[in-house]
Every structure is written in structure tokens, then in C-alpha cells.
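A.B. asks: Sequence:
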Amino acid sequence: MEKRNILLVEDDFNLGIVVQDFLNLEGYTVHLCRDGKEGLQKFNKNKYDVCLLDVMLPEKDGYEIAEDIRKVDKEIPIIFLTAKSNPEDKVKGFKAGGDDYITKPFNREEFLLRIKAILRRANNETDEDENEGIIYLGSYELDFQNLKLSHKEENKKLTKRETAILKLLSENRNRVIERSLVLNMIWGDDNYFNGRSLDVFITKLRKYLKYDEGIQINNIHGVGFKLELNEN
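Position one of the sequence shown corresponds to residue 1 (my numbering), numbered consecutively onward.
Please keep in mind that the hints were generated in silico from the structure rather than gathered at the bench.
Accuracy of the hints is not assured; some may be wrong.
Straight line, CA to CA, 20 Å or less: simulated EDC-like cross-link-like pairs of lysine to aspartate or glutamate [what the hints assert, rightly or not]:
no., residue 1, residue 2
1, LYS37, ASP11
2, LYS160, GLU26
3, LYS207, ASP190
4, LYS45, GLU64
Across the chosen pairs, the derived CB separations fall in these ranges [as the list claims (entries may be wrong)]:
no., residue 1, residue 2, range
5, LYS37, THR159, 21 to 27 Å
6, LYS3, VAL176, 50 to 56 Å
7, ARG120, LYS148, 21 to 27 Å
8, LYS95, ASN191, 36 to 42 Å
9, ASN191, GLU141, 29 to 35 Å
Ideal placement from N, C-alpha and C gives every residue a C-beta, glycine not left out.
Start from the sequences, fold in the hints, and give me the full structure.
C.D. replies: Structure, rendered in C-alpha cells:
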């Protein structure tokens with residue numbers, strides 16, 4: 001399937017970068033804009049599959065952008081991102097042409113699922129493949145939808161967080177992924193205490209992968225982690 005293009009308009013610098021990074025890792029192409037005027041200009045110059053609009057923006061707010069988008073495109077999915085959770089704000093968003101409304105801070109997995117669901121509805125798609133939720137990692141099989149790590153020697157039930165970390169490392173196998181990025185994507189915050197928790201999870205995952213010597217999760221000092229897979 002061809003890459004989906006996403007317009008992300010978010011003026012919070014750190015949040016914008018985090019969201020752009022994890023959507024890129026999921027295979028989307030993301031254009032990040034910092035204000036409403038730039039976002040609308042970008043929309044008018046490019047073709048997108050979905051628009052993610054922060055509500056409170058400089059120049060033009062998310063509702064105004066949505067109304068302008070709807071003047072030229074009645075079908076493109078629009079998702080509002082906001083710290084507001086009032087029913088009145090949600091009603092205003094839907095009246096402006098929004099299709100969904102996600103309140104910050106949001107869970108990464110739920111966020112991705114909602115994007116996938118809205119894209120499937122927009123394109124009349126069904127789930128692609130029975131094995132969509134499976135990642136093959138050496139002699140292991142990670143079923144990230146059902147939180148299971150399988151090997152001929154042992155089947156392991158994982159926690160949601162163990163699954164999310166292993167999925168992220170597996171999808172970026174043989175590449176260094178920054179520690180702060182892992183923390184922001186899985187915990188939503190890269191503080192000291194979450195960092196200590198991450199180290200505990202990495203130690204557990206190494207033990208779970210002990211039956212395949214071709215798989216190593218290595219610490220890259222001062223940078224992050226690298227899941228190395230020798231497939232020879």
C-alpha cells in the first residue's frame with residue numbers, strides 16, 4: 001500500500017516533533033506546520049489523506065482551518081487535537097467539519113488506531129491481512145495485538161508496555177533509536193523515573209529473547225538502544 005500523507009498542524013514544538021516522529025516510524029509521511037496560516041497554505045499545495053489540527057493555534061485556529069478545508073474538500077478526514085474536553089468544544093469541532101476529536105494527553109496506541117480506523121472508513125477498506133498484527137523476529141513471533149511472544153521453546157504473555165517497547169525496537173531493527181524518543185512514545189515523558197523503568201523493561205525483554213542468540217538489544221551509550229538481528 002502506498003504511503004499515507006498526513007498534515008499535522010501543532011504549535012507545541014515538543015509535541016509536534018514527537019507525534020511526527022512516531023507517525024513516520026509507523027510508515028506515514030507527515031508535514032508538520034506550526035501555525036494555522038502555514039497549515040492552510042500547505043493543505044492547498046499538497047494532497048493529504050488526513051489532517052490533524054490542534055485547536056489553539058496562532059494566526060488561524062483549528063476550527064477556522066477546518067472550515068476553510070471543507071470549502072474545497074468535503075471528504076478528507078479531519079481530527080482535532082486539543083487540551084479541551086468540554087462537550088461544547090467537541091460540538092463546535094464537529095460543526096466545523098471535524099470527524100474525530102482527540103484530547104491531550106493521548107495514548108499513543110489509541111491515537112494510531114483511531115487514525116487507521118478513520119482512514120479505513122474514508123477509503124472503504126477492510127483489515128488488510130490476518131497477519132497484520134504479527135512481527136517475525138528471528139525465531140520469535142511477536143503478536144502485538146494479542147500481547148504474545150512465541151518461540152518453540154516458550155510462549156510468553158507480555159504486558160502492554162513490554163509489547164509496545166519490543167514492537168518499536170523490532171520495527172527499527174539494526175537502527176539506533178534514541179532513548180528520549182522511546183520514553184516519549186511509550187510513556188509520554190522522558191523523566192528520570194520513566195528512564196529507570198525503561199531500563200527494567202529492556203532487561204526483561206533481553207531475558208525473553210534468550211532462545212535466539214542472533215537477537216541482541218544493545219545500549220548505545222549516551223544515545224539509546226539498538227535491536228540487532230543477525231538473520232544469517
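A.B. asks: If a hint holds in the structure, say so; if it doesn't, say that too.
C.D. replies: Taking the hints in turn, this is what the structure says about them:
Taking the CA atoms of LYS37 and ASP11, the gap is near 12 Å; set against the 20 Å cutoff, the hint holds. Annotation: proposed proximity of LYS160 to GLU26 holds, straight-line Cα distance about 18 Å (limit 20 Å). Distance restraint check for LYS207 and ASP190: the Cα-Cα separation of roughly 24 Å exceeds the 20 Å cut-off, and the hinted pair is therefore not satisfied. For the suggested pair LYS45 and GLU64, the alpha carbons sit about 18 Å apart, so the restraint of at most 20 Å is met.
Range check, LYS37 to THR159: Cβ separation about 44 Å, and the 21 to 27 Å hint is violated. Distance hint for LYS3 and VAL176: a CB-CB separation of about 23 Å, inconsistent with the stated range 50 to 56 Å. Range check, ARG120 to LYS148: about 24 Å between beta-carbon atoms, so the 21 to 27 Å window is met. Distance hint check: the CB atoms of LYS95 and ASN191 are about 38 Å apart, consistent with the given range 36 to 42 Å.
Taking the beta carbon of each, ASN191 and GLU141 are about 33 Å apart, inside 29 to 35 Å as hinted.
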